[in-house]
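**Q** Let the hints inform the model, and build the full structure from the sequences given.
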Amino acid sequence: MVEPWTMFGFKGAGIQRRGTFCLFVFTNRYAAANCSLSSGGRRRCRACFMTVEIEIGLVRTANRSTKKKSLRLDIGRWTTDAFTMIEHTETSYDQNSKLFRESTIARFTRFLAVPGGSGDLVSRQDSGQHSFRGSYGGYAFPLCDNRAGHGPFNVSPNLLAGLAANYGAPVSAQDTFDAILALLSATSYTLRFAEDLEDVFPHVPFPSDHALFSKRRPWAVKSAQSKPSRVRPTPRF
Amino acid sequence: MRASDWSEGALFLCANRTARVSGVSAAVWAFSVSGYRLLYRWLDAREGLPVDHALVTAFRDVVGRIAELIDLFARADHLLGHALNATLSREVLGSPKRNRSSPMSSQTPDLFGFKPAQGDLFADEPARNDGVGVANPEAVRARLLKLLAEARAAEFRPPWNERTTRTIQIVFPQMANWLPHDEAEQLRFAFAQEMRRLTDAA
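Protein chains in written order, with our numbering: chain A, 518 to 754; chain B, 0 to 201.
No lab work stands behind these hints, which were simulated from the structure alone. Incorrect hints may appear among the rest.
[Stated by the list, open to error] With beta-carbon atoms standing in for the labels, derived distance ranges:
1) A/P687 x B/R16: 57 to 67 Å
2) A/P687 x B/R1: 32 to 42 Å
3) B/S21 x A/R709: 30 to 40 Å
4) B/R16 x A/A728: 14 to 24 Å
Glycine included, C-beta positions come from ideal geometry on N, C-alpha and C.
**A** Right, dumping it as structure tokens:
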């Protein structure tokens, strides 16, 4: 049973839909490990959440039924042609291209992705780049929205005002984004609400306590250059 | 490079069983996303590459990141557990109630002609925002006085259900921060008194 929590406060929902292939490309080589992805114990669980800073931007891909151009990615020994892209090949992430300019996501933004099916993290052999494949549908919620007449933030002002009123302090879009990420990153969330997540969008249980809301700071995504802070790398060579 | 299988916290990066790496915990090795083991796939994708300083550094960083993530997930569980004790409902946040029979609002398709299944939760509001939410003290005052009046009108127990009562008890003192100090203190005191009376009566 879904409880009446506030759903995503993002204005304008996802930028991806069922039947659309989408490929997010990162130049941040730690993207894979940075992606706070969680998935439930169920095979078809819809809930995978991730946040990353992307440097290149969103490459929007063609709908399955429209113009197709096969893209082959060599992923180790596994080659796939599952990705389709509009008039671009994998090497032409040209920032001046029409595709890039029209992208709803600017450089160095962050987004929360909710894939509809399995979210595969794959890596390219040559450069260590990582990509995220949200096949079988899914949604991505960028923190920033650069479309004309929108933004700059993709979080509803009404939600921010509502949170601010209850917390007795100003609340920023960034804070809210981090809080949502922190709450949805919990494995217990996916397990506890696995049944509901099959059918409905994730509901965000914003805490009443402002102190608890403020504890989301560790989820603020680090920049590409940053090193792990709290837990040091452990392997010894 | 051709990594061996992980065994008791260690693995070999080279096919001739050199470049031994130890200190990789079982949890890190088993960490998977959507059923795919991350570290295994990372190594698998780099098979054939020379095991040089850059690769070793990258490997160490990925392992560190995974360890950090595992730690973060555990903390997220803790955080969620506390958050679920008292949550802000849509009503408390001033969002309209959802109409379950028609969850979609009349939202225009976006740049790509996409009309989201989620619908716009806050339709008809100004499109632009500066990303910082502040409250209107007048509205806060009105809501606090309303809550106080409801509490005063109740005779034996709080006029809200248990969950809402818990939320309001946390939120009321916080909301008062938007008001002048003296007024805020007075309201907090009056509300605490009413809640004590109702708790005693129950």
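**Q** If a hint holds in the structure, say so; if it doesn't, say that too.
**A** Here is what the structure says about each hint:
no.	hint	result
1	A/P687 x B/R16: 57 to 67 Å	holds, 58 Å
2	A/P687 x B/R1: 32 to 42 Å	violated, 54 Å
3	B/S21 x A/R709: 30 to 40 Å	holds, 36 Å
4	B/R16 x A/A728: 14 to 24 Å	violated, 52 Å
Taken one by one, the earlier hints fail for this structure at numbers 2 and 4, listed in ascending order.
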